[in-house]
Amino acid sequence: MRVSNSRFCKDHKRSADAMSYQAEKSDDPEAKETFDQIFADDAAMADLCFRNPDTWPHRTGSKLGGGATNSEAVCRRLVLFAYVVRITKVPVADKVQPGSKQEHRKMDNSMKAAEKDAPKPWLTHPDGKWSPRPHVPHDCPVEYGGVESYDFCLEINGELESPRSKEEQVTVAPLHPSSMSSDLVITIRGFKQVSKWKGIKTWEDLESMHTELEMERPHLDVNPPPFICQQEFYHVPPALWSYYAKETCVAIEPWLCDVLHKGEGSQSLKRFLEEITPDSWSSPAHDVLALPVASHILEFLAAPVDMVRTFVLGSKSIAEHSWQIRTAKWEAMFRDRWPAFFQCLRYEGRAQAVLDWELTYQQMVEGKKEEVLEVFDREKKIGFSMSCMIAKVSWESKTQSYMASYVSASHVLPERISYDESDRLRFCPASAAVQLQPELAPPTALEIYPYRVLQGLEGLRVGASVELQWKMQMGSPFGWWYGVVEQMERNCGEEGTAAVTITFRHFPANSRWYRLRVVVGDGVMRRCAIGGYHGGIRAVTPEEDKQWKLFFPKETIMF
3 MRVSNSRFCK
13 DHKRSADAMS
23 YQAEKSDDPE
33 AKETFDQIFA
43 DDAAMADLCF
53 RNPDTWPHRT
63 GSKLGGGATN
73 SEAVCRRLVL
83 FAYVVRITKV
93 PVADKVQPGS
103 KQEHRKMDNS
113 MKAAEKDAPK
123 PWLTHPDGKW
133 SPRPHVPHDC
143 PVEYGGVESY
153 DFCLEINGEL
163 ESPRSKEEQV
173 TVAPLHPSSM
183 SSDLVITIRG
193 FKQVSKWKGI
203 KTWEDLESMH
213 TELEMERPHL
223 DVNPPPFICQ
233 QEFYHVPPAL
243 WSYYAKETCV
253 AIEPWLCDVL
263 HKGEGSQSLK
273 RFLEEITPDS
283 WSSPAHDVLA
293 LPVASHILEF
303 LAAPVDMVRT
313 FVLGSKSIAE
323 HSWQIRTAKW
333 EAMFRDRWPA
343 FFQCLRYEGR
353 AQAVLDWELT
363 YQQMVEGKKE
373 EVLEVFDREK
383 KIGFSMSCMI
393 AKVSWESKTQ
403 SYMASYVSAS
413 HVLPERISYD
423 ESDRLRFCPA
433 SAAVQLQPEL
443 APPTALEIYP
453 YRVLQGLEGL
463 RVGASVELQW
473 KMQMGSPFGW
483 WYGVVEQMER
493 NCGEEGTAAV
503 TITFRHFPAN
513 SRWYRLRVVV
523 GDGVMRRCAI
533 GGYHGGIRAV
543 TPEEDKQWKL
553 FFPKETIMF
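All residue numbers for the sequence shown refer to the numbering used here, where the first residue is 3 and numbers rise by one.
No lab work stands behind these hints, which were simulated from the structure alone. Keep in mind that this is a model prediction, so the values were computed, not measured. Every clue listed holds true.
For lysine-lysine, the following DSS-like pairs were computed, each having C-alpha atoms within a straight-line distance of at most 30 Å:
1. Lys394 x Lys370
2. Lys551 x Lys394
3. Lys248 x Lys264
Beta-carbon label-pair distances, calculated as ranges:
4. Asp185 x Ser467: 35 to 41 Å
5. Leu361 x Ser467: 35 to 41 Å
6. Leu361 x Pro341: 18 to 24 Å
Using N, Cα and C, we set each Cβ at its ideal position, and we do this for glycine too.
Required output: the full structure, derived from the provided sequences and hints.
Below you can see the structure in the form of structure tokens.
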């Protein structure tokens with residue numbers, strides 16, 4: 003069987019297309035023009051060899067079919083060889099065989115020549131400060147586009163290289179990076195009035211220093227400290243405490259530097275710097291705790307065992323010098339675990355001394371901490387629906403639950419409240435605590451704040467949600483009962499009083515408990531038409547109203 007001429011021409015054309023592509027990529031400008039002539043000559047030669055296989059000197063084996071040889075492959079190699087020779091314009095005699103000694107010798111010579119001609123900047127600049135930029139002669143004029151920008155760059159460089167910027171330094175860092183605290187660690191170096199100073203200051207200290215400086219030198223133009231306002235401070239989410247603390251410190255640094263320059267020699271500034279730096283701030287323990295990575299690690303401590311292992315068992319020096327950080331972390335853990343108890347202990351009118359939160363946490367776990375709190379939905383009985391009653395509450399670690407002993411004129415068994423129902427507990431509302439004044443340690447049970455009557459009509463209006471002080475027995479404390487104002491008549495009988503009609507919508511409309519008219523505002527206890535006694539009334543906030551709605555019964559109460 004003889005190979006067809008058409009098949010060979012197709013294969014030859016594919017080889018030619020590949021060579022044409024290589025010719026187009028070649029850097030030789032004559033490659034494309036030469037390729038057409040090469041292809042024509044080689045095609046004629048290949049066709050001649052194909053038609054007369056017996057005349058081809060390089061026969062490679064057996065015939066294919068009727069006397070044909072595999073001259074097709076030979077022709078392809080011939081075309082490729084001719085293309086390489088003519089494109090590169092290298093004579094056949096000068097071609098180097100691959101892998102020969104001559105080829106290796108030429109490669110070695112070319113590599114040595116390249117290494118000899120290559121620049122060696124590391125010899126010219128042995129300190130390593132070199133870059134592969136082209137060398138420009140000194141007598142070559144260079145234009146930078148604008149003279150003003152060039153002068154501006156020189157001014158900036160001169161300012162950065164000034165000795166004052168290298169010597170004077172003010173550093174401000176939060177004492178508790180993981181919490182929104184007003185305590186700051188301030189470091190001052192290189193100023194005339196103080197060469198080196200380090201201490202702890204609060205926002206109040208900076209504000210007092212600024213106020214005294216304005217009074218001492220009224221002509222000075224000094225801005226107030228760049229703090230966030232008091233309202234924003236208490237509304238910052240815990241997740242953003244670390245961010246706001248660091249941003250505040252960054253803003254304080256240039257402000258304090260400006261104050262040190264303008265208030266140089268003033269008495270207010272001297273009083274501000276009177277505090278001597280404690281030895282603990284120069285200890286290795288403080289350096290470790292001040293590291294940024296340490297602050298991020300401390301943010302993940304959420305269990306007492308983590309606190310003990312990190313601050314107590316880890317290092318003696320850290321245990322001695324980390325009491326402020328430990329106090330903040332114990333306080334945060336107490337707040338997250340027992341929010342109602344935390345509000346009770348943080349009530350500003352109850353205790354002036356600083357609490358030891360580590361000891362308080364320990365007492366709470368051991369069940370030695372008992373506080374007067376208010377409990378929603380007492381004993382989950384129908385008669386106490388939509389009410390908040392007074393109880394002495396403690397924590398029981400064995401069962402992970404609260405023990406609530408209700409304050410009542412009659413004997414009542416304590417109720418165990420699971421930790422999952424922590425939202426049933428709350429401390430005395432802020433608006434009521436201003437008048438009722440909850441005590442830290444009342445002398446007798448009858449003197450605790452739930453026995454007092456609330457005065458005033460602040461926030462009352464038709465349609466507003468309110469809490470009414472009401473109790474069934476004379477010897478029992480008042481509880482809070484949720485209702486909605488339906489009608490209101492001010493100055494009913496006496497000035498400062500009002501006749502308020504309240505509806506308790508968790509009862510049916512035909513119930514005797516649905517609607518009640520009371521006279522409130524003067525702080526006097528009165529009898530109720532439905533029985534028992536009532537005290538004062540207060541409007542609830544939107545947040546408190548949402549909490550009340552959590553306990554609203556799904557169906558109206560019938561009894």
